[in-house]
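Going line by line, the protein sequences match chains A and B.
Numbered per the working numbering, the first sequence spans residues 1 to 414.
Numbered per the working numbering, the second sequence spans residues 415 to 493.
Please keep in mind that the hints were generated in silico from the structure rather than gathered at the bench.
Chain A is faced by these chain B residues, among others (derived, beta-carbon under 7 Å):
#1 P454
#2 A455
#3 A456
#4 L458
#5 G461
#6 G462
#7 M463
Owing to the predicted nature of the structure, the values given are computational and were not obtained by experimental measurement.
All residues carry an ideal CB built from backbone N, CA and C; glycine is no exception.
Here's the letter readout for the chains.
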Amino acid sequence: MERVILHCDLNSFYASVEELYHPEVKGKPVVVGGSEDERHGIVLARNQIAKKYNIVTAESIWQAKKKCPDLIILKPNHKRYEEFSLKVREIFLQYTDLVEPFGIDEAWLDVSNSKYFGTGKEIADKIREQIKQELGITASVGVSFNKVFAKLGSDLRKPDYTTIITKENYKEIVWPLKANEMIYVGKSSYEQLKIYGLYTIGDIANKDINFLKEKFGKWGETIWVFANGLDDSEVTRYDQRQEAKSIGNNITTFRNMENWQDVDIILNVLSESVATTLRQRGLMAKEVLVYFRDSQLKSFTRQVQLNDYTNLSSVILKSAKQLCRKNYRFQKPLRTLGIRVRKFIEQSEHVQLSLFENVDEIKQQEKLETTIDDIRSRYGHKSIKKLSMLVDQDLSDYNPVGENDNLTDVEDFK
Amino acid sequence: MKQFVDVICLNQKTGQIRPLYILWENGEKYPIDKITQIIPAASLKSGGMGLRFTCKIGNSYRYLFLEEGKWFIEKVQLN
Chain A
1 MERVILHCDL NSFYASVEEL YHPEVKGKPV VVGGSEDERH GIVLARNQIA
51 KKYNIVTAES IWQAKKKCPD LIILKPNHKR YEEFSLKVRE IFLQYTDLVE
101 PFGIDEAWLD VSNSKYFGTG KEIADKIREQ IKQELGITAS VGVSFNKVFA
151 KLGSDLRKPD YTTIITKENY KEIVWPLKAN EMIYVGKSSY EQLKIYGLYT
201 IGDIANKDIN FLKEKFGKWG ETIWVFANGL DDSEVTRYDQ RQEAKSIGNN
251 ITTFRNMENW QDVDIILNVL SESVATTLRQ RGLMAKEVLV YFRDSQLKSF
301 TRQVQLNDYT NLSSVILKSA KQLCRKNYRF QKPLRTLGIR VRKFIEQSEH
351 VQLSLFENVD EIKQQEKLET TIDDIRSRYG HKSIKKLSML VDQDLSDYNP
401 VGENDNLTDV EDFK
Chain B
415 MKQFVDVICL NQKTGQIRPL YILWENGEKY PIDKITQIIP AASLKSGGMG
465 LRFTCKIGNS YRYLFLEEGK WFIEKVQLN
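Whenever a hint applies, use it, and build me the whole structure from the sequences.
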């Protein structure tokens, strides 16, 4: 049976939500971004009209204002975006339980078994209409037989449009597109592809798979499969509990992080807050993830498994530092860092300590950290801190506990 | 524009909420004669989204929105 996959993309999501709450700015160029003095003075999202002025995401507000002096700047409201995102997800779940969110404003839906609601196109149109009616924002939807082409479809025509890519028409629609429009092909990998004369998705599809494998390894094989419409990856079932399966924080610093010293200060703050939350909830975790976002808003996540479950900031910090050193080259300064932990067990369940761990040392560290928790709960977060945090007090002077339990930019942190 | 209003409601034992009267700024109390529809909806005229009650008040119909625990109606623009 041929699968019917939808990819739904909320158009100019942040800006659309803000426009809804500020009807007076309708028809005017609008960006969502922070104020200069709070160090968030960059464009996070722009509406269709601002796009016409060539305003791009991640450029500074003053640059954007140069391009369009009448530009209206609205402050971001992440809590509201998350609410909208959840409401959109509720709409998706009315049609299928196979919903796989991809960031805050995108999701795949497998509606192969949702024939009761109509064909793929009919369901896509219904969803778009429902989102528009109930939430006042628009979405574009791609309908196809695999996830990769569905995503391409949703990008093709915006806003508020359904694009269908079938087994019959994909060669005409998909193959002429630039290779970097396909998922998994980023800016630098596109440059690599161009060296071998691979400019379009069609070029990749028609190239010998062995050549791609030889030149690019596993990734080469993957993009060949994608380009030929052979992607058979499934849409994961949406599980509401999933969101409670990790604990984490991120920090966008008031100035960019330029070196390892800056990074270590932030990692210190983050690991302490994550460990405190773990202890408060009586949990221990076995996996640590670090989220990176550079000054151009390019982001990625790396993770590592720990030898044993932990709720200690020292252990989390150590792995986070290693992850950073291994995965970041500082070609650009960092704007945001996040630490997240997952794979939990209840603290009370945990008895098996690793064979080679120094048990006394762990117990001592645990005592130290719970004591710090106690002091902080009695006298406030700032009452006690590590000496290393005094190196740059402006950077370390931040208490993420309770302020930011969930990552603000959930889209980037998968 | 949004016009936030005071509303007298009946909280039903079923968990549903039913607006009964709208209290206007001038002290006037308008009874809601009938609710013809309750759906989640966006208010494109005044901004925001929530649960939209279509209310019959006298001979006219008005939308009454419940958003984050507050009630509002869409303000009529006179120009």
